[in-house]
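As they're listed, the protein sequences go chains A and B. Residue numbers 42 to 355, in our numbering, belong to the letters of the first sequence in order. Residue numbers 57 to 430, in our numbering, belong to the letters of the second sequence in order.
Worth flagging that the hints you see were computed from the coordinates, not collected in a lab. Hints are not guaranteed to be accurate.
[To be verified] Each computed DMTMM-like pair below joins lysine to aspartate or glutamate, with the alpha-carbon atoms no more than 25 Å apart: (1) A:Lys352 / B:Glu417; (2) A:Lys269 / B:Glu393; (3) B:Lys195 / A:Asp346; (4) A:Lys129 / B:Glu417; (5) B:Lys420 / A:Glu351; (6) A:Lys269 / B:Asp348; (7) B:Lys223 / B:Asp348; (8) A:Lys239 / B:Glu417; (9) A:Lys129 / B:Glu70; (10) B:Lys342 / B:Glu244; (11) B:Lys428 / A:Asp231.
[Said to hold, decoys possible] Over the 12 Å line for every Cβ pair with chain B, so calculated as not near, a few chain A residues: (12) Val105; (13) Phe150; (14) Leu173; (15) Asn175; (16) Val181; (17) Phe182; (18) Phe204; (19) His208; (20) Phe216; (21) Lys239; (22) Val302.
Cβ coordinates follow ideal geometry from the N, Cα and C atoms, glycine included.
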Amino acid sequence: MFGDIFNAQFFSSSIRVAIPLALAGLGGVFSEKSGVINIGLEGMILTGAFTAIAATNFSGNPWVGVLAAIMVGMLLGLIHAVTCITFKANQIVSGVAINLFASGITVFFSWLLFGETQIMAKSSLPIWGLPLPNIGEGSVFVRNLIVMFANYSPLVYLTIIIFVLSHIILFKTPFGLRLRSVGEYPQAADTMGVNIVKMRYIAVMTSGALAGLAGSFLSLEQAHFFVKEMSGGRGFIALAAMIFGKWTPFGTAGAALLFGVGEALAMRLQGVLAIPVQFINMVPYLLAIFVLVSAIGRATPPAADGIPYEKEIG
Amino acid sequence: MKSIKKFDYYTILEKITPLIAVIIALLVGAVVIILIGENPIFVYKTLFSFAIGNRDGWGNVLFRATPLIFTGLTVAFAFRCGLFNIGGEGQMYIGTFLATWVGFTFTSLPAIILIPLCILTAAAGGALWAAIPGILKAKTGVHEVIVTIMMNWIASSLTFFLVLKFKATATEAMEAVGAKQMIPHTIEIAEAARLPRLYPIFNFLNIDFPAYNQVNVSFFIAIGVAVLAYYILWKTNLGYEIRAVGYSPLAAEYGGISVGKNIILAMMISGAFAGLVGTNEVMGFKYRWRQDLFTGLGFNGIAVALLGKNHPLGVVLAAILFAILNYGGAIVNIFTEGRIPRELIMVLQAVIVIFVVISDEVVKRLIRQRRKTV
Chain A
42 MFGDIFNAQF FSSSIRVAIP LALAGLGGVF SEKSGVINIG LEGMILTGAF TAIAATNFSG
102 NPWVGVLAAI MVGMLLGLIH AVTCITFKAN QIVSGVAINL FASGITVFFS WLLFGETQIM
162 AKSSLPIWGL PLPNIGEGSV FVRNLIVMFA NYSPLVYLTI IIFVLSHIIL FKTPFGLRLR
222 SVGEYPQAAD TMGVNIVKMR YIAVMTSGAL AGLAGSFLSL EQAHFFVKEM SGGRGFIALA
282 AMIFGKWTPF GTAGAALLFG VGEALAMRLQ GVLAIPVQFI NMVPYLLAIF VLVSAIGRAT
342 PPAADGIPYE KEIG
Chain B
57 MKSIKKFDYY TILEKITPLI AVIIALLVGA VVIILIGENP IFVYKTLFSF AIGNRDGWGN
117 VLFRATPLIF TGLTVAFAFR CGLFNIGGEG QMYIGTFLAT WVGFTFTSLP AIILIPLCIL
177 TAAAGGALWA AIPGILKAKT GVHEVIVTIM MNWIASSLTF FLVLKFKATA TEAMEAVGAK
237 QMIPHTIEIA EAARLPRLYP IFNFLNIDFP AYNQVNVSFF IAIGVAVLAY YILWKTNLGY
297 EIRAVGYSPL AAEYGGISVG KNIILAMMIS GAFAGLVGTN EVMGFKYRWR QDLFTGLGFN
357 GIAVALLGKN HPLGVVLAAI LFAILNYGGA IVNIFTEGRI PRELIMVLQA VIVIFVVISD
417 EVVKRLIRQR RKTV
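In isolation and in its complexed conformation, chain A is listed as follows:
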């Protein structure tokens, strides 16, 4: 039984489940490192998921779908930035408004453009990787290795690259230092000539782009369709992953993988144990609460997280 559950397919499905959470969580890292809370990740994932399918079906090219999802995510990030940074409105309220907006606008457009609220993807990205040997010929070991490491959507490899790049950008470049200083101690950063508004705009729009990409993976690569409210709380689970990962890219990726394993395990156990499916469905959400509670005391958010910057005059 043990071998039936923990096999190569389990490994790869854990990774696939983790990808949207990791990308959106990384979006949270960028935004909060600069001092802006982004509760709107959920809505950005949802809008990205819809846009990816819509643009793919109209253009026939899934890459156009992915790109469009990123652009739409950035646009929502821009709205969040204008509300929170320029107008200094409550960041949580703005994020919630973006989620409401996303729920409405996605269903609105799916009725308008497709006449239904569930849209199948007409095409999806090719699988990149080594050819799988037939069971008969190559050894099982080689086959498993390929399933585990070299048989994914291009977005999976892209995600890994994005994480490594993000780590370098945030912790090894002057730009990253400025971004973090804006979120830790904006007064000091301001005195040093860092443009706080600009840095926060960049960070929030980056987080939108990443959440949009997460949405495109969810609809194009994981589900192959869009259905209303398909983000299913992933934006918030991503925030939990970000907190558990102590606001670092690799920590967030690790926490997202933990969620991936949890969800993949829950899906596997469905057939094995006599637990009603509704209880299996609760697993990711229970896990998120558990992870949050256990992260407390270990994780400290950026000092200026959630506080609009007021330049002191006079």
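Chain A is already provided as a structure; the job is to place chain B on it using the hints.
Then chain B, alone, in the frame of chain A:
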């Protein structure tokens, strides 16, 4: 100082920011309607004339406003304690399901006991579900926003499991949905657990009112709860402490107020309001639990609370406005044969929320600047 206040246009401006936000949202809506290729004047005329042009429309509006008053008060009450309870959806699910269960289990009780019992169960269920994020926030500091959202999904799965346990027989359930789609239902609650509709009262007063109109006694419960929320917040010690924690937890703590206790109590009272949605949707309308009965009501409550500036009176007015938009939007959807999807109203609600918070901030800044120059 008094003479300055008299001519302070900004304070008036601050009071009417929600109105500005609504007007901007309606203009945004008009642009969208033009882009779709429809006539915005016709659309808005249809929307408002059907919603508030006659008694039947008003009845429908008040029926739809009732749950929004409950969920709006949920958000507004917690907000006064500095908490953002976006778990109204889950609290509503749990409270309502428990009330439904009481309603179809204790069928031998007389109405005079069963109705209050169902109402209290609805409130208690919501309060208990909200207590969990409250306790987690008070004891560990975990942010209530993420926990309440997670609790929404858990509540949705839990009630889905329970509804299958108490499912109506196939024929009864099919009859209820016109045999078209199978959405899980529970069996019906007892006659003695049902809240009367309002048309007998109108009949008694010799006012013409359609008997099929769904507005029921729950509307008065909602108004009563709004008054209760006002009373608790501004006329009791508990309300004073809750608002003190909301203003400044540190100052409250220093003043000898237990922050943790008030956070938990505020969450529980707030959750109780959400649970009471069941009085309208189950006890006054469907008489049974239906899994898709009230998706989104909890989230609309957030917009209602923000538009109502987290004040009970504002919440009631905002709920009525959103009910007008919701009901009118549904009518417009039918009239334009689906060319104007009813989700346009959801988009407008989000636009209203964004502009309420923006215009609030802008006016606050104007006032501060003015004070400096004066």
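Quiz item: Going through the earlier hints one by one, which of them does the structure break, listed in rising order?
Solution: Hint 13 alone not satisfied by this model.
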